[in-house]
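Participant: Each chain, letter by letter, is given below.
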Amino acid sequence: MNKLNLLQINDLTKKYYNKTALSNVSLNFEPGKIYGLLGPNGSGKTTLMKVVAGLHKQTSGSVLINDEELSYKTKAYVSYMPTENFMYDSFRVIDIAKFYNSMYEDFRLDYALNLINEIKIDLNHKISNLSSGQIGKLKAVIALSRDTDIYMLDEPLNGVDVLSRDTIMDIITKSYNENKVIIISTHLVSEIEKILDTVIFLKDGMVEIFGNAEELRQSRQLSVEGLYKEVFRNA
Amino acid sequence: MLKLIKLEFIRKSKLIAMTLITAVAINMFLITRGVTGSSMFLVLFPPALFILYLVDIIKMYSEDLNKKTGYMLFMTPNSGYKIISSKLLTAVLEGFAIILIYFIFILINGIYIIISTGAEIDYSQVIRVVDRFMSGNLGFSLGHVFVILLTALAFLIAFITTVYTAMTIRKSIFSEIKFGGLLSFIIFLLINWALSYVSDKFFDLISPYYDSIGTRAAGGISTGELAMGLLPLIAVLIIQAIALTGFSGYLLEKKINL
Amino acid sequence: MMLIRMKEGDKLEFNNNIPIYLQVMEKVKQDIVSGKLKPGEKMQSSREYSNELGINFNTVARVYKELENEKIVFTKRGLGTFITESAEQIDSLRYDMAKKQIVTFIEGMKQIGYTKEEMIRFIETENNYIEGNE
Numbered sequence: 001m002n003k004l005n006l007l008q009i010n011d012l013t014k015k016y017y018n019k020t021a022l023s024n025v026s027l028n029f030e031p032g033k034i035y036g037l038l039g040p041n042g043s044g045k046t047t048l049m050k051v052v053a054g055l056h057k058q059t060s061g062s063v064l065i066n067d068e069e070l071s072y073k074t075k076a077y078v079s080y081m082p083t084e085n086f087m088y089d090s091f092r093v094i095d096i097a098k099f100y101n102s103m104y105e106d107f108r109l110d111y112a113l114n115l116i117n118e119i120k121i122d123l124n125h126k127i128s129n130l131s132s133g134q135i136g137k138l139k140a141v142i143a144l145s146r147d148t149d150i151y152m153l154d155e156p157l158n159g160v161d162v163l164s165r166d167t168i169m170d171i172i173t174k175s176y177n178e179n180k181v182i183i184i185s186t187h188l189v190s191e192i193e194k195i196l197d198t199v200i201f202l203k204d205g206m207v208e209i210f211g212n213a214e215e216l217r218q219s220r221q222l223s224v225e226g227l228y229k230e231v232f233r234n235a
Numbered sequence: 001m002l003k004l005i006k007l008e009f010i011r012k013s014k015l016i017a018m019t020l021i022t023a024v025a026i027n028m029f030l031i032t033r034g035v036t037g038s039s040m041f042l043v044l045f046p047p048a049l050f051i052l053y054l055v056d057i058i059k060m061y062s063e064d065l066n067k068k069t070g071y072m073l074f075m076t077p078n079s080g081y082k083i084i085s086s087k088l089l090t091a092v093l094e095g096f097a098i099i100l101i102y103f104i105f106i107l108i109n110g111i112y113i114i115i116s117t118g119a120e121i122d123y124s125q126v127i128r129v130v131d132r133f134m135s136g137n138l139g140f141s142l143g144h145v146f147v148i149l150l151t152a153l154a155f156l157i158a159f160i161t162t163v164y165t166a167m168t169i170r171k172s173i174f175s176e177i178k179f180g181g182l183l184s185f186i187i188f189l190l191i192n193w194a195l196s197y198v199s200d201k202f203f204d205l206i207s208p209y210y211d212s213i214g215t216r217a218a219g220g221i222s223t224g225e226l227a228m229g230l231l232p233l234i235a236v237l238i239i240q241a242i243a244l245t246g247f248s249g250y251l252l253e254k255k256i257n258l
Numbered sequence: 001m002m003l004i005r006m007k008e009g010d011k012l013e014f015n016n017n018i019p020i021y022l023q024v025m026e027k028v029k030q031d032i033v034s035g036k037l038k039p040g041e042k043m044q045s046s047r048e049y050s051n052e053l054g055i056n057f058n059t060v061a062r063v064y065k066e067l068e069n070e071k072i073v074f075t076k077r078g079l080g081t082f083i084t085e086s087a088e089q090i091d092s093l094r095y096d097m098a099k100k101q102i103v104t105f106i107e108g109m110k111q112i113g114y115t116k117e118e119m120i121r122f123i124e125t126e127n128n129y130i131e132g133n134e
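Chains as they are written, first to last, in the working numbering: chain A, 1 to 235; chain B, 1 to 258; chain C, 1 to 134.
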């Protein structure tokens, strides 16, 4: 199987009744890389991820995952971590882990439970009783405990205290695998840029910049954050 | 599929437990009011539970469509058909379970009522005793109650599927249109109208069938006859439910926008 | 090129305005020259090192590759990456790093208006002071 393009987005457009969220977006994602999807709120990052995750249907264009068109089956190749708190309130942490274990063949239950212990979250606590920092860490752990091809983390550092952010970044870097793609969307660029291979700047639903982070630093003599500020100064 | 149905029941387990406990508590309290209290419970139970059931079934789907927790279910590699079917099957199972529980309550309260009249009860024949008591004093038996409740369940499920379809349309085809909610409600009414129109035509077609039953019913109708009479109606409702579920499944697969 | 200053025990902070791989290369060179990494010593795997530094795996892989091109490390297939055993190489490295420091120093001091003699004298007095306090 041609694994060179694990995720191929071709001319993707997504329109809502009052705005166009994505406009002819074409992107290729290769395994063994960590991508940063950068842009301010409303730039289309979440919409892009939701289309790939199968939660929103595109208006036009195609998305190929492992050379397959999007369908309920391709959801098995994608582990999406939404930015919101989406887990069942009444469930305990252990119930969430068991849910994932039952619904996804590739879920690594022991790995998840170990990580949850490491981040000091009580398995018997209800989701409704967790702090926002704990929710942030738990979401990342659960998403990264799946052993699949594509990971999409939507604003993993949002609403999370500074110490927990380090923990989450740590878990992300440890999840790196030469056969997998990790896509992180964020507007907190300075903290995340050192773990990124490739950065994608999304502005008003269109790709503004696509490039290797180190090359951009070398050629523009700016940090990715510096470049971000330039590009989105008036956004 | 089993996994999905199990998930639905797990999510409402607290509600189920609380309802059961409350029902038993109210029943016990009403029994202290004697035969009237006990019968009152049996009369109040079905309407109360139907409302609770309806609310629960609608909530079961609307939460997944409209709240962020819906992501849990919709990110899983299950087709839209499977998801909506699992909800429908859960509704059916839940409905049957409520009917069964009601029957248990009938038996228990029935025994209590019968004992209060001073009669002896052969416990190995409990069902027959209650049945005879009802036929003698009420004019209908357990069998009739069962068939009527089954028909009511079929009605309810058919109704719920039209609600589900309207909700699905709201979140798919009309997800990006202003006043989508209003439009979906209108669609819901239209679907109902269209379905009644079609079933009316169908029943006109089979009216001779009913005429034959009608003449025999004059002298009192048996459970079997009642069941036969209601069978076409139940069949129509089931077909309707399945068709709408299929349509909703299609929308969930191809058009959903959460 | 600024050498990375680091207090003992601190997690390495990176300057995001300069390619990170260059900064990591500097760090490795510093560690070799200061004796933290011994000649012939086996280095951490790319994965381990990237986890420790909290940076991208491919960045570290590139660091190892570039260092190998500069003959500062070498890779033994299947066994890992090792610091060079050549004392010459290490001395040459030390010399290059020192030279960079000197050049930066001289240019900086010239900007402030110091002459060669003044610079040398300043070095002597400062060095005595520092050694006196150690």
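Please keep in mind that the hints were generated in silico from the structure rather than gathered at the bench. Model, not experiment: these values are computed from the prediction. Cβ atoms here follow ideal geometry from the backbone N, Cα and C, with glycine treated the same way. A hint or two may mislead.
[Claimed, not checked] Below, a list of computed lysine-lysine pairs in the BS3-like style, where the Cα atoms sit at most 30 Å apart:
#	chain 1	residue 1	chain 2	residue 2
1	C	27	C	99
2	C	99	A	180
3	A	203	A	33
4	A	98	B	3
5	A	203	B	12
6	A	120	B	68
7	B	201	A	73
8	B	68	B	12
[Unchecked claim] Pair ranges (Cβ atoms, derived):
#	chain 1	residue 1	chain 2	residue 2	range
9	B	59	A	163	46 to 52 Å
10	A	166	C	17	36 to 42 Å
11	A	19	C	65	42 to 48 Å
Participant: Is residue 98 of chain A within 30 Å of residue 3 of chain B, Cα to Cα?
Facilitator: holds, 12 Å
Participant: Using the Cβ atoms, figure out if residue 19 of chain A sits within 42 to 48 Å of residue 65 of chain C.
Facilitator: Holds - the Cβ-Cβ distance for residue 19 of chain A and residue 65 of chain C, about 45 Å, lies within 42 to 48 Å.
Participant: Please verify whether residue 99 of chain C and residue 180 of chain A have alpha carbons no more than 30 Å apart.
Facilitator: With a Cα-Cα distance of about 43 Å, the restraint between residue 99 of chain C and residue 180 of chain A is violated, given a limit of 30 Å.
Participant: Check whether the Cα positions of residue 203 of chain A and residue 12 of chain B lie no farther apart than 30 Å.
Facilitator: violated, 43 Å
Participant: Are the Cα positions of residue 27 of chain C and residue 99 of chain C separated by 30 Å at most?
Facilitator: Given pair residue 27 of chain C, residue 99 of chain C holds - Cα atoms ~16 Å apart, limit 30 Å.
Participant: Between the alpha carbons of residue 68 of chain B and residue 12 of chain B, is the straight-line distance 30 Å or under?
Facilitator: Measuring from Cα to Cα gives roughly 18 Å; hence the hint holds.
Participant: Measure nothing beyond the straight line between the CA atoms of residue 201 of chain B and residue 73 of chain A; if it is 30 Å or shorter, mark the hint as holding.
Facilitator: Given pair residue 201 of chain B, residue 73 of chain A is violated - Cα atoms ~41 Å apart, limit 30 Å.
Participant: Would you say the C-beta atoms of residue 59 of chain B and residue 163 of chain A sit inside 46 to 52 Å of each other?
Facilitator: violated, 38 Å
Participant: Run the distance test for residue 120 of chain A versus residue 68 of chain B: straight-line Cα separation, threshold 30 Å.
Facilitator: holds, 25 Å
Participant: Below or equal to 30 Å on CA atoms is what counts here, so check residue 203 of chain A against residue 33 of chain A.
Facilitator: holds, 22 Å
Participant: Should the hint that residue 166 of chain A and residue 17 of chain C are 36 to 42 Å apart at their CB atoms be regarded as holding?
Facilitator: With Cβ atoms ~21 Å apart, the hint is violated.
Consistency note: the structure conflicts with the earlier hints numbered 2, 5, 7, 9 and 10.
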